[in-house]
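Given the sequences, and given the hints that come with them, work out the whole structure.
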Amino acid sequence: MTAHLAADVLIVGAGPAGAITAAELARHGLRAVLAGEDDGKADHDLVLSGAALHGLASLGALEEVDARVIDNVELRLGQGGGHVLPETVNAVCGRRHLVDGLRRIAAAAGATRLPGLVTDPVRRDGVWHASTGGTTVSARHLVVATGAPSAGTPHATGLLCARPYSGVGLITSIVLALPAPRTIDPAERPTCVWAVPGAQPGTCTIGASRLGPADPDELLETALTVLAEEDPRFAGALPAGPAVTGVLNSGFAPEHSVHDGRLLVGDAAGLVNPFTGEGLSYAVQSALLAARAIADHPDDPGAAGRTYTRRLSATFVGYFETATHAARRYHLAWRVLVATAGDERPVSAKVRRAVLMPEGFSGLTAADLMPLPAPDVALLGPFLLACDEVAVSTVRKEWPFIARLLIAGEQAPHQRLRPAVPFFAALLAGGRPPDATSATLAAAIELATLGALAFLGPMPPRAAPGRRVDWAVASTVLAGDFLLAQASRLVAASAPEVSWSFADWLGELAALRSARIDPAGRSRAGEVFAALLEFPSRIGAQLGGASPETIRALRDFGNHSGHAFLHAEEVLAVRGERTRLDVALPGMLSGRLSAIPDALPGITGDLLAGDPDARSKALDLAVTACHDAHRAALTALEDVTHPVSARMLRSFVATVCAPCAW
Amino acid sequence: MTTTTPAAAPPDAFTAQVNDRLLLLADDLPEPVRGLVRTLVAGPGKLVRPRLLAACASFGTADPDRLVRLGAVVELIHLASLLHDDVIDEAQTRRGAPAAHTAVGTEQAMLAGLACFALVGTEAADLGEGVAGAVSTTVAKLAYGELLDVERAFDTAFPLPAYLELVQSKTAELFRLCCLLGAAEGRCGPGEAGALVRFGAALGVTFQILDDCLDLSPNGAGKPVGTDHALGLFGAPTLYALRADSGGELATLLLSPSFSTHDLPEVYSLIQDRGGLDAAARLAADWHEQALAALEELPAGGPRDRLVTLAAALLPARR
Ligand SMILES: Cc1cc2nc3c(=O)[nH]c(=O)nc-3n(C[C@H](O)[C@H](O)[C@H](O)COP(=O)(O)OP(=O)(O)OC[C@H]3O[C@@H](n4cnc5c(N)ncnc54)[C@H](O)[C@@H]3O)c2cc1C
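Going down the list, the protein sequences come from chains A and B.
Taken in order, the first sequence gives residues 42 to 703; the numbers are from the numbering used here.
Taken in order, the second sequence gives residues 435 to 753; the numbers are from the numbering used here.
Because the hints were derived from the structure by calculation, they are not lab data.
Fair warning: this is a prediction, and the values are worked out from it, not measured in the lab.
Accuracy of the hints is not assured; some may be wrong.
Unchecked claim - Some chain B residues flagged as far from chain A (calculated, every beta-carbon gap over 10 Å):
#	residue
1	Asp461
2	Thr473
3	Gln526
4	Leu598
5	Ser651
6	Val659
7	Ala715
8	Gly735
9	Val742
10	Ala746
As the list claims (entries may be wrong) - Covered, in the sense of this in silico footprint (three residues per stretch, anywhere, with C-beta under 8 Å from a C-beta of chain B), are these stretches of chain A:
#	stretch
11	358-370
12	497-504
13	551-564
Note that the Cβ used here is the ideal one computed from N, Cα and C, for glycine as well.
So this is what it looks like as structure tokens:
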């Protein structure tokens, strides 16, 4: 006799993604059946990225999975020695522990668990039917969480391996290594390697991933060679357990996340970083998004699927969204990462983050960060989301790695200072509520600002001569041209009346930077940044129909905020803290970004590091300059009469200046 | 990879006006950008793109002043691309003079390109919404073409369809724009304009394929022979030959770290043996055919003859 279960949702696959989907659905009061067999693989340690930890914490699952926190990631790109990734907290836990813990959470929330393989669910009259073991299940919604092997994206498929080792001196950090290419042949595929300390001293787990065909033994051998090179901690490493192998699937594209009415989550949706093999943060986040989309439309699977796709596409940008050119663009990303490994420029640091780190939780925008009353947040939030959507969709098909720059690493609140905010507030100042066209223009401004960072930062040094592409320089030019051209195209298409001013702004930025780096030129360091923020404020005010006095006030506000931004950067850099542009003090000084050398001629990063007096003098200078600019910005705002606009802008500039708070 | 224009007719009044306009526009640029642009304008460029634009406009009646300004815009797009291409390729010379980045440094050269693109934007906007829209679309395609061009470096398995996409984005797109703007200025009807645009696009593809052949030609004119091959940028003849390179000799040679222009004679004969040059010549002939077929749709007469002459002067003698 077979038992029958009627449910709202059947989840096939009881790994991390499946278990979390079931838990979240049950918490929303839906009847969830979690069906899946264990894959019978040996247990192994997993790295939980910061984003994965964040997601597990939001589920209250951290205690259940018993993770060991490791707050240091040594990143080794190319041949150069390692450097530490700032502000990355990771943890380690056993896979079995994790999966068991998540299944317990699902059960505790009320989900029904069915062990066993589910084959070929069929849909009849809008209801899914499947059987597993002795039980048949019917459900309106079907979620597929069966892991990587189920996906069909050969261009984005590879191999992941992990194996425990003993005799290793790795204690307090995780090592992530991406070796340099050996040849100039673009057909060469990178092997990404990581190592995490084990629970017992002297042990660790070494993992490796590679796209394309690969042999597990050879992959792990390469991994150990890469790690042991120049790193004595791995010299005596010996295998201490079986190797575990799995399929790597990085083929995520939002439009493939719903297949024939089934919602795909986690690895099944191809949500894995093709460089690092990281998939858990994606498993957690996609599971939550799928469960919430279903909970929003319990009676309408079609609407649930559309909602899921839309939210996924706002949250993640895949690495291979179009199969054409995917391999070449991946190879480009690898070469650029390695070529800019030691590079201190803002854009390089952002690229490292965007490519190697998982995206943060979505829905966080500047509105969350700035202390604003709820009604203001309600006004600004949707505008910024619309702006992001346009910006990301403008570039994701052609250059997904660039699109990742726009939404990746947006967890740290201070990174959410963005020109779209003063633009929006300036639009409001004239009293006309911003419309959809304005969000497109905001997207253009943000794309252009990102492109400007490529052009206006210092250039990377030339690569050593040889038969090669100078990837660092080439990618700077390419990214700058690509972003500025896309931005100009958006402007011409959506707000042609702004085309002239927009192009004029780009010309002004080029001229200011050119004068700044010209030994004979006279340009204050802050002027480029002033121009970067002056334009959104001015154009917003003009488009919003503000009075001439208000427009003037907003221009001044933008100018002063830009100066304040630079000086706040200097304060962070001198203190040795992470800057908003991710650029450290030596880079700021040598790249002629900073105003400090104008007042303290001949100053260098080394001099400042070795001389506390000079440091405190530099800090004083920067703090004073930041305060002056802040005050001037607030004075300008006195002529902005629209209360919401003025409040947002005060909050914006206060956030800019937060590092040197009075 | 950047193209050079072969020797052409002596400058006529129109090209002189375009040159003057370019110099006038450059006056608005800050130093050292102004100097760089002036040097490029003074160099032996043949203003092919403005002439193409003007020839298309002659199918109707266009305002001569606007034509000059538009001619300057399309030439300025070309100059801006050259500045950035030379930074990427580390080219040593351009139009007979040291390349900008060798004279003023990488960052200034990059900013100079940006300043030119910005100037293109303001000029285009001044000339009207339609111009601004068409120009910005083209510049975006060129930027994408630049990306395609870099990421295929040293790719001996670069597929032909991808090569054609590259050629269309980085070269033919600007030719196409010239015809589009010319047709619009001449107020051509949709039928004529469509034919002109197809002519421009096909001409651009033909031009680039033949230019890629020149990189191999032992007696080729223009840029130093073999530059593209040294940079790992393999054009149609090479890509065709690589398809027939069953023993892998050609690919091995092309990827050799010590490859230099001295290896060119051997590359040439390997490509020749594998039928690469013939296949590329056939491909170019196909596209040339398409260009001429588009012209057939236009009324016979002076303007059409002018385009035929222009195309003939532009395309290097076919083998
Ligand atoms: C060796 C290795 C090391 C890794 N290391 C890390 C790491 O350190 N950090 C990190 O973030 N990620 C790591 N990953 C990736 C990570 O494991 C995955 O991204 C994550 O497990 C995805 O979860 P999931 O639930 O989507 O899929 P899975 O974990 O694959 O779970 C799918 C489940 O569905 C079951 N199933 C499949 N088909 C059926 C069916 N028809 N019926 C019923 N059940 C079915 C499977 O048996 C499995 O239990 C690693 C992967 C491998 C292979």
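Okay, the hints, checked on the actual structure:
no.	hint	in the structure
1	Asp461	holds (13 Å)
2	Thr473	holds (16 Å)
3	Gln526	holds (12 Å)
4	Leu598	holds (13 Å)
5	Ser651	holds (22 Å)
6	Val659	holds (17 Å)
7	Ala715	holds (27 Å)
8	Gly735	holds (35 Å)
9	Val742	holds (33 Å)
10	Ala746	holds (33 Å)
11	358-370	holds (count 4)
12	497-504	holds (count 3)
13	551-564	holds (count 7)
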